[in-house]
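Input sequences plus hints: build the corresponding full structure.
Okay, here's what each chain looks like letter by letter:
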Amino acid sequence: MEQPEQNITATPQPTETASPPLPTTATEERLLPEPTAQERVPALGDLVFDVENVSCYYSAFRAVTDVSLAIHENEITAFIGPSGCGKTTVLRTLNRMNDLVPGARVEGDIRYRGASLYAKDVSPIAVRRRIGMVFQKPNPFPKSIYDNVAYGPRINGEHNKRKLDEIVEHSLQQAALWDEVKDRLNKSGLGLSGGQAQRLCIARTLAVEPDVVLMDEPCSALDPIATGRIEDLMREIKSRYTIVIVTHNMQQATRVSDRTAFYSVLRNEESDTRTGVLVEYGRTQQIFEDPHDERTKAYVTGRMG
Amino acid sequence: MSTVTQQAGPAVPAGPARPLSERRPLGDRTFQIIALASGLLVLVILILIAFSTTQQASSWFTTEGWGIFGKVWNPAANQFGALSFIYGTAITAAIALILAVPVSVGVALLLTEVVPYRLARPIVYVIDLLAVVPSVVWGLWGILVFAPWIAHIYSDIGSAVTGVPVLGALFGPPTGGASFFTAGIILAFMITPIVTSLSREVIATVTAIDKEGAYALGATRLEMITGAIWPHSKGGITGAVLLGLGRAMGETIAAALVIGSSATITSHLFAPGYNMPSVIANQFGEASGEFRAALIGLGVLLFVFTIIINIIARAIVGRSAEQGTA
Amino acid sequence: MAAITEPQLGPHLEEPAGWRRTKNRIATILMVLSFVLVIIPLGFVLYTVIAKGISIISWQFLTGPIPPQVAPASEGGIGPAILGTIEITAVAALMAVPLGVLGAIYLNEYGGKGVLARLIGFFSDVMTGVPSIVMGLFLFSIWVLHFGFSGFAGALALACLMLPVVIRSTDEMLKLVPNPLREGSYALGATKARVTMTVVLPTAIGGIVSGALLAVARAAGETAPLLFTILTVTAANPNIFSGANTAIPSQIFANATSPYVGAQGRAWGAALTLIVIAFVLMIAARIVTARFTRFSR
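Chains as they are written, first to last, in numbering that gives the first Met the number 0: chain G, 0 to 304; chain L, 0 to 325; chain C, 0 to 296.
None of these hints come from the bench; they were simulated from the model.
The structure displayed is predicted, hence computed values, not measured ones.
Every residue gets a Cβ at the ideal spot worked out from N, C-alpha and C, and that includes glycine.
Computed beta-carbon distance windows for the label pairs:
| hint | chain 1 | residue 1 | chain 2 | residue 2 | range |
| --- | --- | --- | --- | --- | --- |
| 1 | L | Arg28 | C | Glu74 | 56 to 66 Å |
| 2 | L | Val165 | C | Ser54 | 43 to 53 Å |
| 3 | C | Leu29 | G | His158 | 17 to 27 Å |
| 4 | G | Ser238 | C | Glu182 | 50 to 60 Å |
So this is what it looks like as structure tokens:
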């Protein structure tokens, strides 16, 4: 299995200013200066996630085995691979969504900005506010568009109407949905088209000012035009967030991601089970143009999956 | 292709070859007619109920006219005003709903959101046990055990709030073990299973992805329930509540035993009272003529009320279940 | 860099603000409390019925004649009432179950999405909400006034109560039968009646029987419809078609308001009998469901 590429010792770049202050609670305006692309000092702070030898189990079944990789700040990292190779499972460990599945268990260590995500005193609720998620099928609440976006800030204690108005507008603008819905904010979120609904879900996620946005095949239920808009969106916001996206669409991975992790399936002949493994992880260009592993090559050139 | 069928001819099981254009066999059509008739029986029975009971009650309706809603019920003096029973039905049903609905919805949420699957099944069994206890057993226990016990509590509360503005009117004396409130409590026990199981069905239509949408924003379970489940379920739960209301209104024997059998309109909830099904059950034996017509007429009113409530409830629950998954 | 990131990380991953967590905990406690509130009365009722009834139950009690109310609890029994309940409920089931199953067959196999089928299905649900006392008054008006009180009138009333319940539960079971099973039979040239009788019904029979048992359990405990149809008496009446009759719930009702301790004692014994019957039917229904519902995919 390939060693995940470590960015830490890669080419040092001229520095921007010191690392910007960490995102604060939703009640305060985000004060981050716009970091310029990838030109930042590669240091420990750049590692948003450090996944070490992580295996995921559903009761006795080992869904994913021994994954190690690092997610870098303000990058879009894509997880690709055939069905059943555990990419969604790994994604969901990053915001502890697998806690909701009875019998799910994680072994190994996942560090989020240096702190262990699965330590005893860590609250999954706090985790999920910092690490948001957009799902495969858009799932807006049966509330108004406004209330959908305001839901997150409200549960975090923001009740000031003006503040909420600002947050809602700002989030919908970031999600490139504002112009389409600004005149019907109190119409139900369920009345939107697929692409609009998914952008609403993205706006809803951004409204709590997360640090990371996880996306589980966000465009798989959408038509190509809607898909294109979401990909534009991703490129737009990546300077402010770190994004990890699971996708079945290799072209999408080449279009949007900076790094790509290729997963595959390991068959255990004796017990007739399948386990997901991380095969190769590196810069997207390298994965697709010069894959090091045979399996990666087979997949990206279309012979597999 | 034709060669194939010709060669397959001899292999077909016995019986003369049937022309393809033959009408459907008699047996099949008969069966369909019987099935249809059985289904229609439902509609026929409902219509017959309406007609036959109204006809039997007609002397009451025609004699009293709008007086059927009169305040005084005195068979000895040929006065048959039903207002006190309608009042009693409304009051006991209201008490039953106020007590049962929060508990039922709470249990439904407990089963769907809190309790792990393996623990949920025995809990559901317990709820089903509650549903199987017959009305008359509730009534027996109610009048012989529960009412005497709670009578003390009523009188304590009653003397405590005597004179206090609103509370005194509601909970002040006269108090008695057999009363509106006791009937309301027993009815609450009885309607809990149906409201719980229907609420569970409604809540179960909220998909995992809907709930995960809330959790992914860092919501606590309570916040997820209010944000993702409630908007989806409130219609269906309203339907479930209405069905509980229908049951509470029509439940006869348990109420008849514990309601106190006193045809009065009073704000005192701990006082003996009466409601429609109870008076029919208790007084039918001695009734004849207009008295009997009046009792049957109360049955007609009960029928109309519960049919309307059930129609509305089923319409809501039916629609809501379809809209469940956005 | 590390100095800036580390200390700020702690509070960010801890529990959310106190009030949120507290509200959540309170909500959970309330939900558990609800369940406790449900268990308590059930526990009390069952405990009381068992405690007070168990000493009364005996073979003599179950078969003996119904004594006058003043008689002490050790005398007599509820034999006639048990006989009545068995015969009345059995006749009711014999009428309601086949008709209910046929009605559900119409809804599922023939009616489909047609207006009539939807109407029947809808009002079948509505009919489950008709109070049992109304059924009793109905049968009184339409039958008793012409033919007098009888066990059969009571059976008719109970059958009317059971019919929509059987239709609904059978309908659910028929819906579960996978269509490929039907299609396989059609493809062999079977008529719809044959498909239904030979393939669909046998597949669903477990659930249908289970639903029927539950409907019987409910009917066996009904009192109100019998008040107006069987004219509760104390003599046993094996002839269901003529003459007044009695049943277990009717006796309980009659005795519940009695001032005599003996009568009350017999009421508890009868209540225990009734609950045991209902529970046995319920457990039988579950066993049937577990053993015979197999829709192997």
